[in-house]
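Colleague: Sequence:
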Amino acid sequence: MRRRLQFSLLFVLMLAGAATAPAFDGESKFAKLDGARIHYKSYGKGNEALVLVHGWTCNLDNWRDQIPDLAKRNRVIALDLPGHGQSDKPEIKYTMDLFANAIDAVMRDAKVERAVIVGHSMGTPVARQFYRKYPQKTLAIVIVDGSLRPFGTREMREGFLATFRSPGYKEAGKQMLAQMGKTLSPADQERINTSYANTPQHVIVSAMESMNDDSLYGPDKINVPVLAIIAKAPFWPPDTEQFFRSLAPDFELHQWEGVSHFLMMEKPKQFNDEVIAFLNKKALLKHS
1 MRRRLQFSLL FVLMLAGAAT APAFDGESKF AKLDGARIHY KSYGKGNEAL VLVHGWTCNL
61 DNWRDQIPDL AKRNRVIALD LPGHGQSDKP EIKYTMDLFA NAIDAVMRDA KVERAVIVGH
121 SMGTPVARQF YRKYPQKTLA IVIVDGSLRP FGTREMREGF LATFRSPGYK EAGKQMLAQM
181 GKTLSPADQE RINTSYANTP QHVIVSAMES MNDDSLYGPD KINVPVLAII AKAPFWPPDT
241 EQFFRSLAPD FELHQWEGVS HFLMMEKPKQ FNDEVIAFLN KKALLKHS
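Numbering of the sequence shown is given in my numbering, commencing with residue 1 and proceeding in unit increments.
Quick caveat, the hints were computed from the structure, so don't treat them as lab data.
Source: prediction; values computed, not measured.
Where hints are given, some of them may not hold.
[As the list claims (entries may be wrong)] As a list, the in silico PhoX-like pairs of lysine-lysine whose alpha-carbon atoms are at most 25 Å apart:
# : residue 1 : residue 2
1 : Lys170    : Lys182
2 : Lys111    : Lys286
3 : Lys170    : Lys221
4 : Lys111    : Lys267
5 : Lys267    : Lys174
6 : Lys286    : Lys182
7 : Lys93     : Lys133
8 : Lys137    : Lys267
Make the full structure from the sequences, and use the hints.
Modeller: Here's what the structure looks like:
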């Protein structure tokens, strides 16, 4: 009898805790862009938000360890870019313009007027294109191991494209992502591989083609605060900080040792703390 009462009390307490604890699963919502559905999740309230933009062939689940901490401070929106995750995947061109317009469609659907755009990897040129198209809606940009100029030579990038246009693109992608996330846990590596496997080849190729567009990497200034958090790696040129600062005068750089391209997944607490410190220092976003 006593055990039954103890169990009943524990069950009631668990239910009470579940009722009062913030829910971070998030309700799936869909914005519309040119007839296609853009999947997103929204946490908190307010007409300003932190918008989380994943990288090439990934999805909003990459940010699962960011949302609980960040949503305690202000409104957070995470989206699946067109062609990714639960968003529609029509056979169209997947350009950085399209992705920027998708962010705008999500913000309009969520009734968000201005945002800090956090872009991982490919999300960096997406964030920059959003700023170009919607400067009045951009409060700041957070770069997460992404670049404001193309990596390597055009010939090297064309070689990558040829690989992903081939029938062996699935294995090629798996190998490349293994190298990019070599310090990830097996579970996180599996999440990334699964997302890649669920991304259609036409999306994979088209998005990479768009990232190779030299017009994305012009000298135009970014006149909002910019924070860059990147992994220390040999492919970053020695003048990386100087180059970033030449484009973004209000610029802050953090380089981390011993992490992979998916650094926010490896060190979520450190990442979240640095983003929150940046928001606080720049007095960005209202506390929810």
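Colleague: Please flag the earlier hints that this structure goes against, numbers listed from lowest up.
Modeller: 3, 4, 6 and 8
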